[in-house]
Structures are given as C-alpha cells and as structure tokens.
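Participant: Protein chains in written order, with the working numbering: chain X, 44 to 137; chain C, 48 to 186.
Derived by calculation from the structure, the hints in this document are not laboratory data.
Quick caveat: nothing in here was measured; it's all calculated off a predicted structure.
Check each hint, because a few of them may be wrong.
What the hints assert, rightly or not - Some chain C residues judged to face chain X by a derived CB distance under 10 Å, without partners named:
hint: 1; residue: Val97
hint: 2; residue: Gly150
hint: 3; residue: His155
hint: 4; residue: Ile160
The beta carbon of each residue, even a glycine, is placed where N, CA and C say it ideally should be.
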Amino acid sequence: MLDISTGDDGSVRLRGRLDAVQAEKQADAFAKLAGSAVLDCKELDYISSAGLGLLFGTHKRLSNTGGGLRLINLKPHIRELFAIAHFDSIFQID
Amino acid sequence: MERERAFAKEIASLENVFNFLDEFFRLETIDNRDSLAIQLVTEELFTNLVKYNTTSTNPVVVGLERDGKVVNLELVDRDVDRFDPAGLPEVDVDAPMSQRQPGGLGLHLVRAIVDKITFEYAERVMRIHVVKKLETNHA
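Model the full structure from these sequences, guided by the hints.
Facilitator: Structure, rendered in structure tokens:
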C-alpha cells in the first residue's frame with residue numbers, strides 16, 4: 044500500500060511501499076505532478092525497480108519543462124538502491 | 048526447498064508473495080534490512096517471469112530455505128519456452144538522463160544485491176536460484 048499526501052510545506056509525502064502493483068495504481072497521481080516537486084520519503088519503506096521507474100519517468104518529464112523532483116529523507120536502504128541505479132547523479136537528493 | 052508456495056502468474060499476486068515471505072522472515076527471525084533485500088529480489092524475478100514468460104499461465108512456485116547465514120530463494124516456472132534473463136541487455140546506468148528509460152533496472156538491482164544467481168532451463172521448466180548471505184547476525 045502506498046499513501047500519497049501533501050504536507051504543510053507543500054511537499055508530496057510518500058508513505059508505505061512503492062512496488063510494481065502500487066507503481067501501476069499510482070501512475071495517474073504522479074502524472075498530475077507539474078513543475079518542481081519535493082518528495083518527502085521519510086515514511087517510504089520499500090521501493091522496487093517499478094517504483095524507481097515511476098519516479099525516474101516523472102522526473103524526466105518534469106525536467107523537460109525546467110522542473111524536476113527533489114527527494115528528501117530517503118531511508119538508507121532506499122538511498123542505496125538509488126546509488127546502485129546511478130539515480131543519485133540524476134535526482135537531487137537531500 | 049523447505050517452504051514453497053505457488054502463486055498465480057500475475058502482478059496482482061505480489062501481495063500474497065510478500066505475505067509468504069513475511070511468514071518466512073518471522074519464522075527465521077530475519078531482520079528488516081535482509082528481508083527488504085529478499086523482498087526486492089523476489090519481486091524483480093517474479094515480475095520478470097510474469098512479463099516475459101508468457102507462454103504458460105501455470106502458477107510460479109516460490110521456494111525459500113535458510114542455511115545458517117544464507118537464504119536460498121528459488122522460483123520455478125513450468126511449461127514455458129526458453130527465456131534467458133541473463134541474455135537481456137544490461138541497462139546503461141551511466142547514460143545521461145535523456146538517453147535512459149524508466150524500465151530495465153530489475154535485473155541490475157538483483158545482480159547488485161545477491162551473492163549468486165543461476166538460471167536453469169530443462170524440459171520446459173525454468174528454475175531461478177538465488178543465494179543471499181544475511182548481513183545481520185540473526186538468532
């Protein structure tokens with residue numbers, strides 16, 4: 044299960060698991076993101092290649108119009124996956 | 048394998064696959080770090096079978112066993128044409144964003160995480176075997 048909400052600071056908060064099932068279910072929600080967005084991943088517990096692909100596809104789409112995704116509060120095991128995928132040089136990760 | 052279960056060959060089975068893995072992690076007192084890695088590897092391999100081994104709708108059997116500080120994971124897909132995941136092109140993770148595509152990362156992640164992976168095909172049965180050393184000291 045993945046829950047997406049908007050924080051008081053305007054960030055997009057991800058809570059739960061972004062696996063292949065959830066990546067498919069949440070594709071529409073990510074398609075609605077525009078401009079620049081901050082994804083707060085503090086409560087993101089799990090991500091697979093399907094989830095990484097969804098984030099990458101969204102970031103690439105937004106970057107084409109001068110925006111992009113900034114990721115904050117990644118848990119260490121998730122940050123490690125970003126490094127393995129060499130996404131740490133593509134996304135802004137704080 | 049000590050513990051095995053068959054799952055319908057569809058992405059929607061993932062929740063049941065994860066539940067099966069959770070039972071194993073509880074029984075074997077495998078902690079979060081190792082369990083997340085094994086979940087990821089299982090998801091990537093299972094979804095690859097769903098996407099690419101489309102000649103059969105037979106269920107996929109997922110098996111697990113622990114041997115000391117090692118977990119053996121096996122996925123068995125029966126009555127399928129030969130498909131060699133090892134022959135899939137490697138994703139170029141060093142390519143610039145403009146040249147990269149959202150997909151194709153699954154096996155790259157798996158290879159980086161596991162200690163050994165073998166793909167066997169004989170008599171129309173595909174068998175993927177994974178060895179993953181546990182990184183944390185478990186009871």
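Participant: Does each hint fit the structure? Answer for all of them.
Facilitator: Tested hints:
no., hint, verdict
1, Val97, "holds (9 Å)"
2, Gly150, "holds (5 Å)"
3, His155, "holds (7 Å)"
4, Ile160, "holds (8 Å)"
In terms of the numbered hints stated before, the structure departs from none.
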